[in-house]
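Chains as they are written, first to last, in the numbering used here: chain A, 1 to 151; chain B, 152 to 305.
Hints may be right or wrong, so weigh each one.
As the list claims (entries may be wrong) - Derived pair list, reagent style PhoX-like, types lysine-lysine, alpha-carbon separation capped at 25 Å: (1) B/Lys295 <-> A/Lys26; (2) A/Lys73 <-> B/Lys274; (3) B/Lys254 <-> B/Lys300; (4) B/Lys300 <-> A/Lys26; (5) B/Lys254 <-> B/Lys295; (6) B/Lys229 <-> B/Lys300; (7) A/Lys73 <-> A/Lys131; (8) B/Lys182 <-> B/Lys303; (9) A/Lys109 <-> A/Lys26.
Stated by the list, open to error - Simulated restraints, written as ranges between beta carbons of each label pair: (10) B/Ile242 <-> A/Ala61: 19 to 29 Å; (11) B/Ser296 <-> A/Asp28: 17 to 27 Å; (12) A/Lys18 <-> B/Lys183: 18 to 28 Å; (13) A/Leu98 <-> B/Pro275: 45 to 55 Å; (14) A/Glu110 <-> B/Gly228: 25 to 35 Å; (15) B/Ser185 <-> A/Asp105: 33 to 43 Å; (16) B/Glu211 <-> A/Gly21: 35 to 45 Å; (17) A/Gly21 <-> B/Glu283: 39 to 49 Å; (18) B/Ser296 <-> A/Arg51: 23 to 33 Å; (19) B/Ser227 <-> A/Phe13: 43 to 53 Å.
To be verified - Coverage of chain B stretches by chain A, computed from C-beta distances (three or more under 8 Å per stretch; other residues unrestricted): (20) 184 to 196; (21) 288 to 299.
Hints listed in this document are in silico derivations from the structure and should not be mistaken for laboratory results. Ideal placement from N, C-alpha and C gives every residue a C-beta, glycine not left out.
The chain contents come next:
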Amino acid sequence: MAAQTPRQTMDSFVQYVKGEGILDDKFDNTRNLVRETYPEFALDIFKNYVRDADKLMRELAHHLKQPVVDYPKVDNITHRFKGASMSIGGCRVVTACLELRDACDRKDKERCLEAYQQVVTEYSTLRDKMKTICKMERAVIDDEAGGHSKK
Amino acid sequence: MSNQGVATDGTSSKAGEVKISEESKSLQGGKKLSVLIVDDDQLIQMMHVALVKASGVDAEILIAENGEVAVDLCRSGKSFDLILMDKHMPIMDGVRATRELRKMGVKSMIIGVTACSMDYEVKPFIEAGLNECYQKPLDPEMTKSILAKLSKGN
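Construct the complete structure from the given sequences, taking the supplied hints into account.
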């Protein structure tokens, strides 16, 4: 039985992650954009997402720790986080962000903290998968650049 | 010379020349398209640059990281065929920037691209003077549709 190529391995993994509802079809749109002319594009996008999302999560944690919550600020950060997550198909993170924005709108601190925990949970799951995807994408790029997939 | 907050993306893709298909040529009537991407999110900037390039259109693409930079660019005499405008940005948001640009007499096609989905959030943005508004990120089909409308307008 022929071994799977890195691309096949990644496709299987992505299918699994989509089946879990962690990613949606926007992920594929991003992944396949300009692949022929710029093979590293998707990898750059995914790495940038994790870097930016880590930063936004730290900002959220900081603001929600304050005795008096700056709701417009938290809402603004959450909106940015939601937009970035939407770009790479992180649908469960997007849903969690919507809940947090709603809680900010109501100026309900308890609800904010609950919703924030959900964002933490969903982002932690997504981040874990994105790290794996980045490694797999790297393997696909290296494999296809080297022409090894023809073996 | 580049303005603060403005990045100039070359007309070539990173891996070689942008190929112009016959369909794309007919979309732009043979001239280079001038595109301004207004967004503070680097991820979205990258994606929208890639989308414009992937459409096959020969385009000069500038990036402005907020509405104020976009307005200053237009005020300095730069003109654009297409402006992709984010809504939520620091310093000057997309609603204000669009209103300002229309007040200045800017006739570019201004397409709003926003993570907002509720009518009450999108309505003021459209009323500020957008030609159309889409939810971000744009995808290849939306981009093709925008470029087709741009070509009809030309």
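Going down the list of hints, with the structure as the test:
no.: 1; hint: B/Lys295 <-> A/Lys26; result: holds (17 Å)
no.: 2; hint: A/Lys73 <-> B/Lys274; result: holds (23 Å)
no.: 3; hint: B/Lys254 <-> B/Lys300; result: holds (23 Å)
no.: 4; hint: B/Lys300 <-> A/Lys26; result: holds (24 Å)
no.: 5; hint: B/Lys254 <-> B/Lys295; result: violated (28 Å)
no.: 6; hint: B/Lys229 <-> B/Lys300; result: holds (22 Å)
no.: 7; hint: A/Lys73 <-> A/Lys131; result: violated (28 Å)
no.: 8; hint: B/Lys182 <-> B/Lys303; result: holds (14 Å)
no.: 9; hint: A/Lys109 <-> A/Lys26; result: violated (32 Å)
no.: 10; hint: B/Ile242 <-> A/Ala61: 19 to 29 Å; result: holds (25 Å)
no.: 11; hint: B/Ser296 <-> A/Asp28: 17 to 27 Å; result: holds (19 Å)
no.: 12; hint: A/Lys18 <-> B/Lys183: 18 to 28 Å; result: violated (39 Å)
no.: 13; hint: A/Leu98 <-> B/Pro275: 45 to 55 Å; result: violated (20 Å)
no.: 14; hint: A/Glu110 <-> B/Gly228: 25 to 35 Å; result: violated (53 Å)
no.: 15; hint: B/Ser185 <-> A/Asp105: 33 to 43 Å; result: holds (39 Å)
no.: 16; hint: B/Glu211 <-> A/Gly21: 35 to 45 Å; result: holds (41 Å)
no.: 17; hint: A/Gly21 <-> B/Glu283: 39 to 49 Å; result: violated (31 Å)
no.: 18; hint: B/Ser296 <-> A/Arg51: 23 to 33 Å; result: holds (32 Å)
no.: 19; hint: B/Ser227 <-> A/Phe13: 43 to 53 Å; result: holds (48 Å)
no.: 20; hint: 184 to 196; result: holds (count 4)
no.: 21; hint: 288 to 299; result: holds (count 3)
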